[in-house]
Amino acid sequence: MNSKTSFDLHHVLHELGHYLPAQSPLKDFVHHNTLHAFQDLPFHMALQIASETFGYKVYWDLEKFQDLYHRGKIQPAILERAIREKMGEDQLERWKQLMLESPVQEYPKPTIGQFRKQWRKAYNLNLDKEVHQTLFRLVSSYLDQGIAIWKFPAGNGGLLTSFRKLEEGSFTACLKSSRARNLLFDPKTKLQDLLAILVGKEERYAQYLFDQQFAHPGWSGMVAVLEHQPQSLLDKKKVSLHDLIFLESLLEIDALDRRRNGTWTPLGLHVEDSFPGLFKEFQPSEWFTMLSLWQEALEWSYFDQVIKGLQIKPKTNGVKNQKSFQAVLCIDDRECSIRRYIERFAPDSETFGTAGFFNLPFYFQPEHGKFMTKVCPAPVTPKHVIKETEAKIRHEKDAHFSKHSKGIFGGWAISQTMGFWSAIKMAKNILRPGETPAMVSSFKHMDPKGKLSIECKNPDHHHGLQVGFTLEEMTTSLEGMLKSIGLVKDFAPFIYIIGHGASSVNNTHYAGYDCGACSGRSGSVNARVVATIGNNPEVRNQLRLRGIDIPESTRFVGGLHDTTRDEMEFYDLDQLEMDSKLIHERNQSIFEIALNYNAKERSRRFHTIDSTQDAAKIHEQVKLRALSLFEPRPEWNHATNALCVVGKRANNKHLFLDKRAFLNSYDHEIDPDGQYLLGILKAVAPVCGGINLEYYFSKVDNHMLGAGSKLPHNVMGLVGVANGMDGDLRTGLPLQMINIHDPLRILITVEHYPEVLMKTIQAHEPTFQWFANEWVRLACIHPDTKEAFVLKEGELIPYVPITDKIEKAQDLDKILEATSENLPVYLLA
Amino acid sequence: MENQLIISSFVLIPLFGFLASLLIGSGNETGFSRLAVGMVSVHLLVIVVFTIGWILGGRNPINIPELVIYDNGSYRFLIDLYFDGITAVYLFVGAFVTFLITRYSRFYLHMEDGYKRFFNTVLFFYLAYNLTVLAGNFETLFVGWEMLGISSFLLIAFYRERYLPVRNAVKVFSIYRIGDIGIILAMWASHHLWHENINFITLLNEETVNKHIAEHSGIGLFIAVCLLLAAAAKSAQLPFSSWLPRAMEGPTPSSAIFYGSLSVHFGVFLLLRTFPYWENQLTARILIGAVGLATTLVAYPIARVQSTIKTQIAYASIAQIGLMFVEVALGWHVLALIHFAGNAFLRTYQLLVSPSVVAYMIRDQFYHFQPKEISLEDTFPKRLEYSLYILSLKEWNLDRFFNRYVFHPIKKIGRKLDFLTPRNLLLYFLPIYGLGLVLYFNQEWIPVQVRHYVPGLFSFIGMMLVFKAFSERNYPRLALMLVMANHFWIALGVSFNETFDFSQTLIYLSGVSIAGTLGYWLLDQVRKKEPDHFDLNQYYGHGSRFPKYGLFFLLTALGVMGFPISPTFIGLDLIYSHIHEDQYLLASFAAISFILGGIALIRIYARVFLGPHIKNYHQKALPSS
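Chains S and F, in that order, give the protein sequences. Numbered by UniProt numbering, the letters in the first sequence go through residues 1 to 829 in order. Numbered by UniProt numbering, the letters in the second sequence go through residues 1 to 625 in order.
FYI, nobody ran anything at the bench for these hints, they're computed from the structure. Just so it is clear, the structure is predicted and the values come from calculations on it, not from any experiment. One thing to keep in mind: the hints can contain errors.
Stated by the list, open to error - Simulated restraints on C-beta separations:
1) F:L518 to S:R71: 56 to 64 Å
2) S:I740 to F:K382: 52 to 60 Å
3) F:V48 to S:P379: 53 to 61 Å
4) S:P284 to F:R117: 52 to 60 Å
5) S:T389 to F:K382: 40 to 48 Å
6) F:M111 to S:E63: 14 to 22 Å
7) S:L9 to F:M111: 13 to 21 Å
We put the CB at the ideal spot given by N, CA and C, even for glycine.
Chain F on its own, in the form it takes in the complex:
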């Protein structure tokens, strides 16, 4: 009971902090800093005291089933907390770094326009961090994981009146989300593996785990690969590495806390947490180790050629995290945890003092200059040296990789649906969807051989709509409606799979419908007020003139994308539980459309509300700045 109280407080204290910070007026700098620093100090203290007690008490992992959000007998959605050594280390490092950073930012951000926004976002991040670290099952972890993604987006786009931060925020968010496909699929597969939403503590029972995995070694490997995908994306490992340096757009302390220390180490956390899943699968371990090692080898030369301080630290950190992947794969978990903590502190501090590098290095040079130091690479044959240099300067084309092989093809497919407009969408959608509904109620009409493919087909249609939403250039409202429509198709498609309670579909679609309608209305208001500057071809920065619309649209977009503020997010997991374990295609279509739908929504938000304001009556930055 005591444990339950304290461990719950690890999440509740940050939750309280975040909620309270929303209530403080934007001019009240002292209020924010007191709240943030005070809350984190208390949190840190409780963590330290509890952890000491826990270590002395024998270090037994603790599982706390916190809150049942949904239960229909066969399916339970449970917020579940878990405390073990990994949690302890991550909790402590997180609280310690956040404590210092909030204190730092209190002065550093003085007089900055977004003071309130900054503290709100950092506290939101802190809540997400603790929830993820304490998560006792995949569902809880996923809630935290999604919150991390959004807070990350908001902090990178902190300077939302400039072009590059906004563009890079969307980019980073997109890559994060691609990684999330991994988590969704892992959740789905894991559900089928255990026939329930498994708690992490159950995984400690080696016998059960081995038995299950041995029976389904295919699923086991599938889960491991999915987890690796999620971990690699979050920790900027190959092929995702190029997002990390691009994320350094916010105020330095936020870059330090996010991309220097906490956020970027979540991949390592995920691997440590899910180690029992793949512990006995050599293929998975080799794969994870190989990704880590390859990343280290690629990030190393890239770090060496960086001529800007923050990107240099970013790539150096990526290389170290690569090593951590290797350590985890080898099973050296204590070493990995020490490595994590050390790297987190080191990079945070290096980023914080990064502006000092000018004075320090110039002075260093002034007193110790040598015209050209011979570096390791100078000893290579010239051609090799030059090639490696150019390749590293271009970051091994990692950034182009995603555009060319992921986003570009999707856009190309999406453009095939360019005949759709906000006006005619319903003309196409309603009849076809109606037909689908009719078929649903009269399933006997469909030949048996075909019936098997119907869910896949419908979710494929849904996915196409999302592709179109993602590539839409002209109509923000259309893009929004398409993402909504996708959810309807997925729901319909899965409904063909097996009979289940209509209320489950309702849970899934209610959030989408309400939030979507509201979002549509908000967009329409902006369109009426700025008819000449309303499409998705560029960033318009309307948030500068309509901050309220911007904020509410963001909230509705989160609702539509199934963020844990609308019932959709439970419904999503629920719907997934009805996808059979052999329906990899259906699961993938659904996961991909879920992920891309989120990206498309954030893209609408960014293009309409963020970026340099189209109006020329106040100071505006050049796109290149």
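Looking at chain S on its own, in the form it has when it is part of the complex:
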């Protein structure tokens, strides 16, 4: 960038937007790769550059690695193999010694901010201190979605326009220097003019802007996201990164003028030409190499077991039983364990995993809702909308959030009266938690009694979207889903389609707990819609023509799994015949038991619950947690995720994967040329990879790439959280979400022939980049020979696990009760 001599503003703004955190407002929180801007580089190289440039910590601490090694969590043999492969056999001893004995070192000083820091040197002036408070307040007030009672008075036609209006029409002002005011009011002023005053040297403009914006990446990132995604605000505001920078530069000029009485010169004149730029030439460094080797050793200490486990051929008794029911759940790692329990308590059942929007992208508009919500993966733009009717209002009021308590007389009256009511409520909520209007419940996303406009009756359009699906569309999407999970024959009498969502209270990041494949919403509508489509006789006829013959007696039932409370609800049961209903009730009782046990397994990570108790009893306590104001961890969400297994469930059912795996069902036999596989990987790499990497980076640098502890968070304008009064917005995950997470990149294993897999991933360049640059790891298990291959530097290389034996878990329940640590892979008894 520094090589450019002429300043291309458009280009720089684009670059800035690219490097800034790309996190949506809280209500649309979706996991993504925190360092997405570096994704075109190989993982370890990208991490080093990101660290040297922006000052992020990008690996776990050296001490932590060394400690894990001594505790046996990093295998010596794996560590040695990692060194050998990367550095060569002759370097083994030297590096091993280095890695084990090196003391902790300081990370290199980042280049970001160094140039702009020269203000301090030149004029003993901390510009951030002068400017940030006013800037943050203006932006926050402008973007505010409903906290302030007195809304931003000067319109929403752009940050700068509104600010100009406000300054022009007021007796008092934010800008005090007459030069700054003139620049603001002169319509011909360009950002370049301000930079000429501030920086002076054109070749330093870009560096200055990076320094300036990365002093508050949270707000800048939010503005950059909203510029391209204005629909994320219910109360629409026009905003752009350009306006933000313009405003900030004006405030800087104003501050300098005020503090220096106009006698100051541009910053560019205060540094030599040789002053380092932002991006340095990449130079391999011993420190980063060491950390990257540790990282590989940590990851493969676990992955090695997993590959070994997947190579084991499960015992089959050869007899094909009639299945009692089939359940299709989301691939989400939180469904990994519940599927294990369903299979345990209903051995004649079968479970499947697929992305939780069930191949049906649409918007959902609940009754009484003024807006539509997207319920499919974030990058997809749906063309359909499903409307809800005959539903009851599911929004209760709570006077504690009312604006009356903030006024003079209202506040006076309320604190004299309701104040005492608060005392009682507070005592009740702390001593005996229960449902409150403030909580988020996955079950409230949709009213089970409401009607959904699933079939497209006439092609009328609603805001440019088609209401409901046509027969052809329904058939195609259901066919797609069934084929991609390998369910095309041997249909059971019941097929459950189960979405998932979460419940919590006092949780600003609630959207991150719901289904990622439904854009951070609960998956209930999707499940119910797909089940209804599956029961549609015409759809079945069409499917039959396409070779999928679903018996008439088979019923699809939609449902929702609340992963926090471990509860399930099922939809449209009144449409079942009497005898089906009875069978369903039997199935439901199996689900209940599975849910109890799932809660019990989860409880080993909850310090307030004694895991040795009876499952049903623990389940009650787990439910209570979700309603507790004081519980910052209603559930662990995706913490500890490390795997994504794509293949037949029958081939991984024998393994205990400790809630760490996304499980996607896939049958290579139905899909010899990888057509459905491509669809799966196209979604899995960015979605699971995004979740995984957000957890990774939030863990290794919770201060800069994560949101820090959530305990002091303050909600800013309903769009984000910050610390205290005047902090920058915090992006990434709060500490309370990642305490128990180990920063491993995700390993995606695919059951198919290596040549087909290779061809498949190469078919889609962006997906290939994820794998080739090793932001996610990819392994291939040969379906016939069970040989393993691992993708390294863009090629599938045969892999022989070092692990020679996977232990059998004789009594899994005991193992689970005994520890709250991550567990190795076990063979299930």
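We have chain S; now place chain F onto it with these hints.
What follows is chain F alone, placed relative to chain S:
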């Protein structure tokens, strides 16, 4: 006797709780929560039972002379407890809220790094709260008051590895301390008014009070203004309001208990407690009412423009406390107490559920959105509306006010002494101080006309040294020594005033000297280990590498500033008793240097030991976060 036992237990139970919490290991979360919740439950129970009995027994105020700490015949320093209706309400609200908050925090803070520190600080705060509420005289109240200030500082700076919490903690502490000037001066004036350290219960005797105050109406008003200063600072009234939203840096429950409910209502408490002092002074009552009313009118629009939830609650609460000031000034005390309790509960709960506002409001909007609601201000003329908006957004420049008109001038004066360094300080100090001593023993050398001004002059020199300590940028050790030197000058200055026992000076200076020397040594250790990162220009966060040094330096700093752990704090009151009632200047110089000295010490502690660690080997937050 029974009363004495029970009322003492109101302080002793929290004291025991706090001390016991120091002994529990930092990993033992259950230990802390059991101790804290258990202790507060017992406390709450005793309070409720006792209060019921007390109400049934006729609600007579009870005074318990607890513990004589110092007595030389003419002067007594007494820890004295007092129980009346105001105490009862504050005790109950405090115990109830703390009970809920400790239980809340038990789970909320799980796995947080500073779990132990949090509970230690909350229990320390609780001790301070009860001591203040039960205080039967100014001395006891002041002990509690100082402890409140420190616990407040520690909780705001709870996230001490970040820049903003530490900066704001220092800021809030500074404003608190400015308010403390009021208490010190009120104590001093009151001492002269009554010729003893008066008990609050004596004030109930209207006749005596009226007689005294009528005789010295000037002092009476002076005391009232001083009390108002202290009350306004503690309760975030004008012109101090801007500290309250900035204090919201700790974990939410601590913000709720401190700044939502308990700490922030202490101004109201002080006014209620000292009502007899100014009851019959119309000027004082008008003044107090006016401050309250003005605060309400200013805080209201500020609350309305806040786009962050916690600051909105903070300003809304400030407005209500303003009304409480008005109520107290009007003499509507029962109403004020009800108002206090209601407001405390309401704001605590609002803060606790503040993270829920996202889910709640977004859903509310989703179902009930109206593109733009017309608010009251939209009906104003545009220019007025915009002006008021900007002004409120800038908090009426209240935050800048202190920097510009208080701290900045002090720094400017202090910089005039920039020629001082740790090396040459003694070269200047010893000869001049020696000269002072020589003059002290040969007072006849000084012309009579001049002698009158000597105490003032010496304490002025002391004050200048503190100004320098406060503005020092380079040498932490120098700043520390300057604060110590100030105490010596004050002692010398007051010694000229009248002859008194040398042992009194000794009490005053012994704490300063011992703690100061220790503090110097600790700083020197850090300097030797981190020579490149040792000045007062920025926050260095050395506490991360040297936690022990940090802790002990904090303790020594408290010793030097006359915190009730060193004899200095009795000595201070003692020395003050020798300042004559017409020596307003001397009293002010001494009070100002005492206050600023404390700020300067906390500033040294914060800059050397707190903030983002200068070393880049572990995770570090951006300054803006």
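To see whether the hints hold, each was checked on the structure:
1. Taking the beta carbon of each, L518 of chain F and R71 of chain S are about 40 Å apart, not inside 56 to 64 Å as hinted.
2. In this structure, I740 of chain S and K382 of chain F meet the distance hint of 52 to 60 Å, their C-beta atoms being roughly 55 Å apart.
3. The hinted window of 53 to 61 Å between V48 of chain F and P379 of chain S holds, with their beta carbons roughly 59 Å apart.
4. One distance hint, 52 to 60 Å for the beta-carbon pair P284 of chain S and R117 of chain F, is violated here, with the actual separation near 42 Å.
5. At about 44 Å, the CB distance of T389 of chain S to K382 of chain F agrees with the hint of 40 to 48 Å.
6. Between M111 of chain F and E63 of chain S the C-beta distance comes to about 19 Å, which sits within the given range of 14 to 22 Å.
7. Roughly 46 Å separates the CB atoms of L9 of chain S and M111 of chain F, a value that falls outside the hinted 13 to 21 Å.
Checked against the numbered hints given earlier, the structure breaks hints 1, 4 and 7 and satisfies all the rest.
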